[in-house]
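Colleague: Residues per chain, in single letters:
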Amino acid sequence: MAEIIRLLVIDDELPIRRFLRASLDPKEYELLEAENGAEGIRITAKSNPAVVLLDLGLPDMDGVEVARSLREWTQVPIIVLSARGQEQDKIDALDAGADDYLTKPFGVGELVARIRVALRHSGRSADDPPDPVFEAGGLRVDLALRQVWRDGTEIHLTPIEYKLLALLIRHAGKVLTHKQLLTEVWGPAYEIETHYLRVYMGQLRHKLEATPAEPRYLTTEPGVGYRLRTE
Amino acid sequence: MVRGERPDPDALLESLRSEEERERQGKLKVFLGASAGVGKTFAMLSEAQEQLRRGTDVVVGIVETHKRKETEALFEGLEVLPLRRLEYKSVELREFDIDAALARRPQLILVDELAHTNIPDSRHAKRWQDIEELLREGISVYTAVNIQHLASLNDVVAQITGVQVREMVPDAFLERADEIEVVDLPPDELIQRLRDGKVYVPDRIEHALEGFFRKGNLIALRELALRRAADRVDAQMQTYRTEQGVQGLWATRERILVCVAPNDLGARVVRAATRIGASSHAEMLAVFVESDRQSSRSPEDQDRARAALDLAESLGMHTVTLKGHDIAGEVVRYAEQRNATMIIVGKPVKERWREMFYGSVVDEIVRRSGNIDVHVITAEAPPNRPRTSQVFLERGHLSGYLFTIAVTGLATGICALLYRRLELTNLIMIYLLGVTVVASRWGPREAILASVLSVVSFDVMFVPPRGTLAVSDSQYLLTFAVMLVVALLISSLALRLKREARLSTERERRTASLYTLSREMARSRSKREIAEVAAKEIREVFEADVAILISGDAKPIAPSLSGIEHDPSEAAVVAWTLQHNEEAGLGTDTLPGSKGLYLPLCGTSGALGVIAIYPKPGAWPMPPAQKNLLETFSNGLGLALERTLLAKEFHQARVQTESERMRNALLSSISHDLRTPLTSISGAASALRDGKGDARELSDTIYHESVRLNLQVQNLLDMTRLQSGNVQPRLEWNSLEEIVGNALSRSRELLEGREVKVEIARDLPLVRVDGELIEKVVANLLENVANHTPAGTGIDIAARVQSEVIVLDVADHGSGIARDQQVTIFERFFRTDDRPSSTGFGLGLAIGRAIMRLHEGRIWVENRREGTGAVFHVEIPKLKPPEVPRG
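The listed protein sequences correspond, in order, to chains A and B.
Each residue of the first sequence is one higher than the one before, starting from 1 at the first, in our numbering.
Each residue of the second sequence is one higher than the one before, starting from 1 at the first, in our numbering.
None of these hints come from the bench; they were simulated from the model.
Where hints are given, some of them may not hold.
To be verified - Within a straight-line C-alpha distance of at most 27 Å, the following computed DSS-like cross-link-like pairs (lysine-lysine) qualify:
no.	chain 1	residue 1	chain 2	residue 2
1	B	198	B	215
2	B	323	B	627
3	A	207	B	757
4	B	616	B	595
5	B	69	B	29
6	B	323	A	207
7	B	648	B	536
8	B	323	B	347
9	B	880	A	179
10	B	498	B	323
11	A	207	B	215
12	B	595	B	627
What the hints assert, rightly or not - Residues of chain B placed beyond 12 Å of chain A at every Cβ, according to the derived structure:
no.	residue
13	73
14	255
15	303
16	615
17	661
18	710
19	743
20	763
21	816
Predicted model, so just to flag it, every value in this text is computed and none were measured.
Note that the Cβ used here is the ideal one computed from N, Cα and C, for glycine as well.
Use the sequences and the hints to build the structure in full.
Modeller: The structure is reproduced here in structure tokens:
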């Protein structure tokens, strides 16, 4: 019997909160609700939720602001909820420390998957050595040996391609913004050279994906960044 | 009813219009007196008291009582507006405060001394202009004036009394008065009043009685005043007849041509003509002929001509400037052209020899006028002007003299060489050649000098006895005389040629600049372009700083180089010009103290804007020709601006109709397309709540319908954003493969059960686009295919490089698109009739087209060449992508 996961949703829209309350199984999740940013911060401090679901359009303060002030004292995973067309807000929230985002309207399945990814990353402390071998479908990557296989065949990657893939694997399931990827792989001076990513992600897909135009693992988050899907 | 008795509809319309205009304006009552002291102010105040009793809101704007007790008593109960106090040359002055009057806005205001000249920094130069503004604002005015101040009587009064009155009121202003009350006092009584000290303070009485207030003067002035009032009664009778349609009495309208000469007679002729014209109600045309003769005249003469034309205009005449060498000919030709019945011309007193030599314009006109009457106004005394010869000799250059001496020396040298071989008479030819050269290069003074020098050197050098001025053969005296005359004639001819050349260059330059301006303005599309073109042209032609301002715009559309128009006092002149649609500023009657001249840009409904001209110091006043040209410029500019405004209005009207149509289509779409999924959702949800039906199927319905609803709302939002025109594509280097992938994953559910083939070359270059927008284009194409082709049919997506572009094809296996719909399919709210319920708003393709336009790309559709189905092409410009480091 798994323990009950405590979630906090910060959203002023009653229908959204009601939808979450109705769709999340109370045997698995306990849902705390906050109607505005200030209340959300207070409840986070008091009740220590495992994951925070944060709406970006709050009545009292900017959602990005909430994420930033939470990050000042807690590493609780934050999943941002926002509408399509607010890509810049999403990027701002992610850069401010949010872990992931979900575009409205979303299904419960998607939400639960994101919560699980977030919990997995937060459950592992930064000092823990990552799993030396990553496997998803036909893709297998040995991080210790720096070897990559697709359906049993070893694939040769250039150093940059490998660096990019390894970074995505370390944050598997989580979205990484263009800026985060460029800074990690090429360095802070290259954080706006998005076309590097377009080219190398294309190369990786052609090497690793069965249908590069419809990638299964190396997915695009339009306008935001990339994500390595694990399921 | 007999036709001929019916009033002319145009005339009637005009009278109705002016009637209407008058209704809106305030009423003007003028108390007219023969001289000071007849009791105008008293009469005016008594009348004001009467009005006050009747309940009219009366205030006193300015009334000078000259400390007369009976008059001061009449102030009782009347509100008096405070005067404007200001310091001018360290003297405190008081002036009527027009702004206070406009702010107070009484029904009736008393403003005495109609002919008063305002102190320099006032809004208007003259008080009658203040009154005009008050009337325009709907405030009625009582005012008083003496007959000697009437512009057209100015000369008569000067002749009678020997006193030149400087303050004048245009006759037209008096004529527009709704009521004129002559305040009459027999001369004897007036003299008695003067002696009693009721008019002036006692110590000045005797002086006054000997001067202006001589009994003879008073009688004559009284007669003038009474006659003027009688004329007015006639005029009113005439108006009445017009309105009543008494047409039989109408005489053909007289048209009088007034020749304005560039001398001090000009103004006199204009005033006399007004008097003559007033009694016959003739149309007056003031004509000034600008010829090469004039252009050599002194600047003072030019000023006088301009002043005379201005006066003519203020007296209600039309003014025309003609150009030509033959003044009399131009005048007569124009008179014939305009069917003038009379020509009025001034006859200056000239020295007799000049008249004989040059002929007289007046005589010419009389001789050639045919059946047109000519009325000659004669000057009283020889005009006191500098003699022509003085003007003639004013100019001269040292280098000119040196040149002359050199040329004469050269001629002498050549003659010395040829002396032995040629006759003396032929040597003269060489000297004449020298004179011609000098005359053609320099002015008359140099030419005369050359002539004299030539004669002297010829005499000294070659005429025996050589070396002296003495002449042995007296026939050489004749040679000298002829030589001098010929030299002078040549120089005068050369001079005239030069002058004509200069005139024609000037004219050419004007024509050229006008032509450039109109051509440029015709080519310009926007207000701003037009204004900038005009400002540039005016700046060049007039060598002055220029600003152009448009009514309603905070900033000048074409700012001046100095930015002087932002100066608050200059801005006030701009505002005034706009409001009144009249010129103002430098050189005009309104706010002449400002730094610039402001001309309104006239449109059909008031001033559209203002041209502000700031001449360089010293370049003012402007010659009349330039002022005319400027007015032509401003008229042209006004028309051009109006044209763009009309075009804009037309465009707006069209946009409005279009958006009206859009709105209707949108509303009907919304009601249908949003309600359909909502009905399914709420129906399914209520079934679920009541525990009826198959829960799985119901929730599927809810899910799919809401996805559809979401798509449609998204499309509506996209279209609205794109429509508003403020979507700036965020251009970045993108991979087309990635974009297609995103679109596919977004449309996954819509495309369920369809085989999608994607063929994108691995080395397809990156494209510079807004990734999200292009993704939307592709997604909308996929949605369109999903909605319009049978379930289960496949989709082929391919991208290829085609010379300068990259083309993405989305091809389906449906029935294709009829030829006549291949363009309209991209219109908003277009739907095919096949499946009306499932097509959404018909916005998807329109959004696609709007996005491709933003990218300077294209989107179009054609049918497959082999098999059936439609192929949508999306074309994106191909650019060279930046380098990406390998590794």
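Colleague: Please go over all the hints and tell whether each is borne out by the structure.
Modeller: Consistency of the hints with the structure:
no.	hint	verdict
1	B/198 x B/215	17 Å, holds
2	B/323 x B/627	15 Å, holds
3	A/207 x B/757	19 Å, holds
4	B/616 x B/595	10 Å, holds
5	B/69 x B/29	24 Å, holds
6	B/323 x A/207	88 Å, violated
7	B/648 x B/536	24 Å, holds
8	B/323 x B/347	21 Å, holds
9	B/880 x A/179	24 Å, holds
10	B/498 x B/323	17 Å, holds
11	A/207 x B/215	122 Å, violated
12	B/595 x B/627	16 Å, holds
13	73	75 Å, holds
14	255	74 Å, holds
15	303	69 Å, holds
16	615	54 Å, holds
17	661	27 Å, holds
18	710	6 Å, violated
19	743	9 Å, violated
20	763	10 Å, violated
21	816	25 Å, holds
Hint compliance for this structure: hints 6, 11, 18, 19, 20 are broken, all remaining hints hold.
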